[in-house]
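Produce the complete structure using the sequences and hints provided.
Per the numbering used here, residue 1471 is the first one in the sequence shown, and the count goes up by one each step.
If you're looking for bench data, these hints aren't it; they were derived computationally from the structure.
Please note: incorrect hints may appear among the correct ones.
What follows is a set of in silico ranges between Cβ atoms, one per label pair, in the way DEER data are often shown [said to hold, decoys possible]:
1. 1841 / 1792: 31 to 39 Å
2. 1834 / 1641: 38 to 46 Å
3. 1644 / 1488: 35 to 43 Å
4. 1783 / 1608: 52 to 60 Å
5. 1548 / 1488: 46 to 54 Å
6. 1802 / 1560: 28 to 36 Å
7. 1801 / 1604: 46 to 54 Å
8. 1791 / 1648: 43 to 51 Å
9. 1486 / 1844: 48 to 56 Å
10. 1491 / 1754: 19 to 27 Å
EDC-like mimics (lysine to aspartate or glutamate), calculated; alpha carbons at most 16 Å apart, straight line [unchecked claim]:
11. 1594 / 1810
12. 1841 / 1591
13. 1594 / 1604
14. 1541 / 1475
15. 1715 / 1538
Yeah, the Cβ is synthetic: ideal placement off N, Cα and C, and Gly gets one too.
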Amino acid sequence: MADFETIPILDWSLIVRGEKYSFISQLRQAFITLCLTRLSYLCKDPPVDKTTTARLVDYVPKLFDLDEVRKDALGMVNTPHFLGYTHWAVQPEYTAGQIDMREQFDFGTDYQNQYREGEPDYMKYWGNAQWPPEELIPGFKATLTTYLEQLGSLGFEFMGLLAEALGLPVDVFDKFYASPKESQQHRCKELLPPKVIKYPIEEGSKGSQGVGPHYDSGFLTLASIQHLLQASSQPGLQVQSPSGKWIDALPIPDTLVVNLGKGIEAVTGGVARATCHRVLSPDPVYGPRYSIPYFQMISQTVYLDKMRVFEEGKPLPVEVEKLVQARGPAQATDAVNYSEYSHDLSGVVALIGRIKSHPDVGRRHYPERFKEIFGDEDM
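Okay, structure coming up:
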């Protein structure tokens, strides 16, 4: 069984220097064998602008320093888009039925929702974010939007490289995005939006559930490949190795942690497997932990399990098959979410995941779907 103690680092400068096939070989090894990697972009012409990143990191504590009235006015429960502010003590997020001990904002690039009465409920999911007034944090929206657009471009390019690493056409994943793909919403957080998260310091919180074991929904956490900017230097993020061991993903400057989501596992038939990960609450010695995870969105109208990228009955590419055989059969992990991809539409799967995580939003904006999931249970 393949296993690891540290997360391998892929160097984006190989792409910049024209050494793409060396990058692709390392990418194939990392994602088939270990289900994740870390991307270093310390190079000339990086895909993520360092000035934008530095500005964003500076903004994050200011965002959480807004007074409670201002933050509560942006409550996620206000809209059906699962974008806005939540706090573990008031409007918590749940993972595996347990409250995640974190304070957070979910943001997304501008997207005008086109939902009409009578359409499927998942069509209400994408929509405009709730932003703090510009005068309170001047330049924040523009900075975060630029960051998300850069990660969006990087995500599309990365997925093309992953396709080549799997021996597939470079555009094989394009059919899973909105059309044109540049029109789809970018969010900070999985097949969900970009999040800005603060893991607070509370008495007795060390080692408790910052966020429980889970998979991300899309391809990267960029499809769900997941790109995670860790905005402070302390540990907390952990990934589960094939043997079941939890490995620290310690912050490293100028890198992104790249996880695979359940969406990519579904369309590759398990050749690429989703990454099980969690976050432990911070040690009070270090102070609060901030992070800015980005999740690449996929189309809401595809059946992933019916759109496999490897042709049934045909052998896998030789280099891919070697790695699949060497790693051995899938082992049980501590995460079980997003199993609905085996039979349901992608938009429905994403919505179910969000309602399970934020039942207060589900109860208010999706009452029928909420009852279908929870019955008469009072969440």
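Inset, instruction - Please flag the earlier hints that this structure goes against, numbers listed from lowest up. - result: 1, 3, 8, 10, 11, 13, 14, 15
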